[in-house]
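Novice: Chain order of the listed sequences is A, B and C.
Going by the working numbering, the first sequence opens with residue 194, and the numbers climb by one from there.
Going by the working numbering, the second sequence opens with residue 296, and the numbers climb by one from there.
Going by the working numbering, the third sequence opens with residue 12, and the numbers climb by one from there.
Hints were generated in silico from the structure; no laboratory data involved.
Worth double-checking, as some hints may not be accurate.
[What the hints assert, rightly or not] Listed next, the in silico DSSO-like pairs over lysine-lysine satisfying Cα-Cα at most 30 Å (straight line):
| hint | chain 1 | residue 1 | chain 2 | residue 2 |
| --- | --- | --- | --- | --- |
| 1 | C | Lys-316 | A | Lys-640 |
| 2 | C | Lys-216 | A | Lys-549 |
| 3 | A | Lys-557 | C | Lys-275 |
| 4 | C | Lys-275 | A | Lys-475 |
| 5 | C | Lys-316 | B | Lys-420 |
| 6 | B | Lys-420 | A | Lys-223 |
| 7 | C | Lys-275 | A | Lys-550 |
[What the hints assert, rightly or not] Across the chosen pairs, the derived CB separations fall in these ranges:
| hint | chain 1 | residue 1 | chain 2 | residue 2 | range |
| --- | --- | --- | --- | --- | --- |
| 8 | C | Glu-128 | B | Gly-328 | 51 to 61 Å |
| 9 | C | Gly-291 | A | Glu-714 | 21 to 31 Å |
| 10 | C | Val-59 | A | Met-297 | 52 to 62 Å |
| 11 | C | Ile-224 | B | Leu-359 | 16 to 26 Å |
| 12 | A | Leu-459 | C | Ser-201 | 54 to 64 Å |
| 13 | A | Thr-380 | B | Ser-425 | 39 to 49 Å |
| 14 | B | Ser-364 | C | Ile-224 | 22 to 32 Å |
| 15 | A | His-619 | B | Met-296 | 38 to 48 Å |
| 16 | A | Leu-591 | B | Ser-425 | 25 to 35 Å |
What you are looking at is a predicted structure, and each value in this text was computed from that prediction instead of being measured.
We treat Cβ as the ideally placed atom computed from N, Cα and C, and that holds for glycine.
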Amino acid sequence: MSKINENTVLEIDNLKVDFETNTGMVHAVKGVNIHVDSGETVAIVGESGSGKSQTMMAAMGLLAGNGITHGEVRYRGENILGSSIRKLNKIRGAKVTMIFQEPMTSLDPLYTIERQLCEPMVEHGEYTWASAKKRAVELLELVGIPEPARKVKAYPYEMSGGQRQRVMIAMALANDPDVLIADEPTTALDVTTQAQILELMADLQRRLGMAVVFITHDLAIVERISDRVYVMKSGEVVEEGPTKEIFGQPKHDYTKMLLDAEPTGLKSMVPDSNPIVLDAEKVRVEFETETGFLKPNHVLRAVNDISMEVREGQTLGIVGESGSGKSTLGRAVLQLLPNASGRVVYQGNDITGASKKKMRPLRKEMQLIFQDPFGSLSPRMTVGQIITEGLLVHEPQLSAKERDQRAIQALEEVSMDPAMRNRYPHEFSGGQRQRIAIARTMILNPKLVVLDEPTSALDRTVQKQVVELLRNLQKEHGLTYLFISHDLAVVRAMSDTVMVMQKGEVVEKGLAEEIFSNPKEEYTKELIAAAALKPA
Amino acid sequence: MLRYVLSRLLSAIPTLFLIITISFFLMRVAPGGPFDLERPLEAKVMENLNKIYNLDKSLWEQYLIYLKSVMSGDFGPSFFFRDFSINELFAQSLPISMQLGLSALALALAVGGFLGVVAALRQNKSVDYSVMAAATLGVTIPNFVVAPILTLIMGVHFGWLPVGGWNGGAFVNMVLPVVTLALPQIAVVARLTRGSMIEALRSNHVRTARAYGLSGYTVVVVHALRGAILPVVSYLGPAAAALLTGSVVIETIFGIPGIGRYFVQGALNRDYTLVMGTVVVVACFVIIFNLIVDLLYAMLDPRVRFD
Amino acid sequence: MSVTSDQLKEAPKMGRSLWDDARDRLLANKAAVTSLIVLAVITLLSVVGPMLTPHPYDQVYRDYVKAPASLEAYPKQDEIQPTFAAIAKRARMKVDSYQLDGDKVTATITSSRKVDERYARYFDRSDLFENASISGISADKKNATVTADVQYMHFFFGTDANGRDMLTRTLIAGRVSLTIGLLATFVAISIGVFFGAASGYFGGKVDLMMMRIVDILYSLPFIFFVIMLVVFFGRNFVLMFIAVGAVEWLDMARIVRGQTLSIKRQEYVQAAEAMGVEGGGILRRHIIPNTLGPVVIYMTLLVPKVILLESFLSFLGLGVQEPMTSWGVLISEGARNLQGSAWMLVFPAIFLTSTLFALNFIGDGLRDALDPKDR
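Please take these sequences and the hints and turn them into a complete structure.
Specialist: Written as structure tokens, this is what we have:
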């Protein structure tokens, strides 16, 4: 374990963070000690709610108004915690800089990139506006933004998420900081973009030599880039040490659990003799965007002539980055989009463009599970009401008591306490909510379930549980899944066949095993490399 | 941008047309006429009057005549103020109302905006609470209560300011009406600014600005306020139109010869042309101010584009 | 995560709905709770009060025109004798001796004409005296003894320019103002919710059309509308305020439409659609319960707006007709009589302002309670 030494630049000493809320004090960080030596990369790892972000926010004096701090944060031996804004502002933005999780909103939408890049340089007194503008262009070039001289005049809304995060990195580097704190800098980005950003950061660190503090929940990243690791759980550091040691011989159970969290195993194959449940041909979805009065509307083809065939008990994994059209495809197959064309046959019935009325009996068998377990449960209904809503439509003959009985069964099936059915969704965690969403589906005994990123909003350890639950349910009920995800590890653990999508088209298609072990297309290779999968 | 302005003004024409049509017929359906006095006029006189004002023609003809004259910018003769045309009446009163309204608007923006920002920066502290309580008071006390009280104190008791009259827009004559007119607007602007400012201060990009050690002024004014002012700007459109076209109450209490009085007088006396004139003027103001607000909005927010 | 049989037997606990949370947050808000109490008291006073005060709201006391507000009873002690003398003079009598004993006046008078017992009516007709009687009429009918009870009355809020009790009038005005506020708000909310929800739910061309109508109505000067309505309906305030409600729904329609549009895009609505739930079920179970919050908030803010509007119309002389009254009517009368009889403005203004203040705080409190992230 490394000790505080003369090379230590940033030192967090017994930091406590409390939040005053209506329901009383919440202790978010409970006495954390972290130190960062110059030039090293330190990772702080933990699941959401572990206090890892709040620790660094508190250190930088960026807590929300109701936050209270205790302890000390020393920059080169001098305490900055609770010091005046003036004193703090000499350090932050100049000596210690930060990159945030939300690239889309971290830049001011109302000003050009140039203005925002220059501001900290000028305010910290090292540059004039003219020299800062010159440096801004250099910085954009450094972080790999094409045409920096032109892009510097752009507004944030004119850039993609990846580009905005690059701008944030440029901003962080502007004043040659000693420490760069990166708070989940890649979480909100696509897999391939993630890899590029990480590479960029590692490269910049090698060249510029600042220390980097990496806050993340993604262990694959940690293993790749960090020198030392702190593992945090519910506001405390439970384990710390060099990366090799932590990954090689984890001591704490929680660390072991985190390391073990990537979904593993492969799905057992389904015999080809199984009947075909879903057969789709040349599905195409187009969206028209209004461009103005009397002008031809702009047509965006989100899904371009995609065909698929799924047998009973099979899982088709659909992989792609955001905007690849994978979610649209899933909804089009279920006939939820009015502007879809192409032929869809479900269990021998042609349901292409079927009317709402004709689809209604089929809706019982064809279900959809959403990515966001916070948005997909009606906030003003109890869990019981949510789960049994489908029964009102499809089995209206049931009495309230029978419905309740079914709700109990469904909750048990997803390993939830049935006593919870009179509670409301906001009282549950993300993982529990996703279980509720699954229970709502299972109560109708469906045959085909489209799962739209069902694990993406969950922590790794919870993801693993949900994946296992989904696999078990499939085995028990012979379900057929369309599994949509950008997360290759999860897709690999779930699917028989995989379809890789990019910009509305299929890039590659085949058996899961083959695609993962021997990808043919460049894009697939890129995706797999970026995901840094462990052997299954 | 010029094209945008032109297309907006063009698209206002059908709106104006509809408004004129609706008001014209609504006005005429109302019982009573402009010459229904307590002592009925002689039949001969009545006939003559009806002829002069085209009231002997069919409603449809009258409508077309009115539409034609409005298009040429003529609002016709007043039925009640017999010696004046509506254009003459407006030429006298509109500038006064606009001067009054603009001053009140400026005052409301400056004071309300300042109070809102201060309250947001001191959220849930005593400053915040007192500003918000004062703002609530500002919205809840009707201006015809505020006006006589202010007059009594400043005008009668201390004798600092005149209690009424316009006096060609002299500063001392403007103080009381402008303040009374501005008070509720100050309150609304303060509340709006506070709300959006609190949100802006919590936004991610303001956190970025703070994380990069920018000065308090840059964080608050450059990064938070510019975004926070946007909802206030949207509110200003209708508010400005209402302020500039005069407040009936203020003009009555302070005896100011503005356009506001004509609303009530016109409707009560069935002065058809006067009512129609005021309706058209107000609608024009609403349309123009909505346009100005949209342009202002686009100036403040680069994401808004005209095409 | 296995379920044990113990847990199964346990009766399911009721969860806390968002409404429960909101109610708790509202009750924790001191300003809102105080406002609720104030509003309840004012409402109760307005409903019950006029029945309990000793004066009818339209009773005119000619002897007490513009009597200042006072906790003491009228007539004041030093007023009794001059008034008595004045009445006597009117009845062509001269007061010889005058004695006030408690609430009884005994006086001997000399009259220039023949005294009749019926002359007691002169005294009874005054608001100061009752049970007057003339006795001991002398033989020449020129002298007599007059006895009369002094009629003590309280005017806690004073009286108005017609000599009517301001307390009763303020309370009865509250009845009118609150009724108007509620009625117009109810009408506005009904139209607004229906119009907005329909516009948002159907979307597309229908939405475009419906919102265009709202836009056009927006640019019509509101005051023109109201004055036209007054012209139409005369001064029937109930009809008039149903009409005002019919004008005030525009904001509500916009709010509900916006809400409906955003809720329609929520995943829980998509989830219900994917399960085959029909339009009615989606509207009933998902959309309406989730638009209710903003509607309730807007309602508490609309009531004060309408009450203010009523007082504004009263100021212009277009309000409720005499002898019925409203806060607006009282206040505009009071404003005219501010110099010299401030109580005529002060009391109705206090009632009106505290009601509006309370409603505003309740509205703010509800907003905070229903939408906690906005705080």
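Novice: With reference to the structure, classify each hint as holding or not holding.
Specialist: The hints, checked one at a time:
1. Lys-316/C - Lys-640/A: violated (56 Å)
2. Lys-216/C - Lys-549/A: Answer holds: Lys-216/C to Lys-549/A is near 21 Å, not above 30 Å.
3. Lys-557/A - Lys-275/C: holds (21 Å)
4. Lys-275/C - Lys-475/A: Roughly 29 Å between the alpha carbons, so the hint for Lys-275/C and Lys-475/A holds.
5. Lys-316/C - Lys-420/B: holds (28 Å)
6. Lys-420/B - Lys-223/A: holds (28 Å)
7. Lys-275/C - Lys-550/A: Roughly 20 Å separates the two Cα atoms, so the pair holds.
8. Glu-128/C - Gly-328/B: 51 to 61 Å: Given about 59 Å between the Cβ atoms, the range holds.
9. Gly-291/C - Glu-714/A: 21 to 31 Å: violated (48 Å)
10. Val-59/C - Met-297/A: 52 to 62 Å: holds (58 Å)
11. Ile-224/C - Leu-359/B: 16 to 26 Å: holds (25 Å)
12. Leu-459/A - Ser-201/C: 54 to 64 Å: Because 60 Å falls inside the window, the suggested range holds.
13. Thr-380/A - Ser-425/B: 39 to 49 Å: holds (43 Å)
14. Ser-364/B - Ile-224/C: 22 to 32 Å: holds (27 Å)
15. His-619/A - Met-296/B: 38 to 48 Å: holds (46 Å)
16. Leu-591/A - Ser-425/B: 25 to 35 Å: Violated, at about 59 Å.
The structure fails to meet hints 1, 9 and 16 from the earlier list, while all remaining hints are met.
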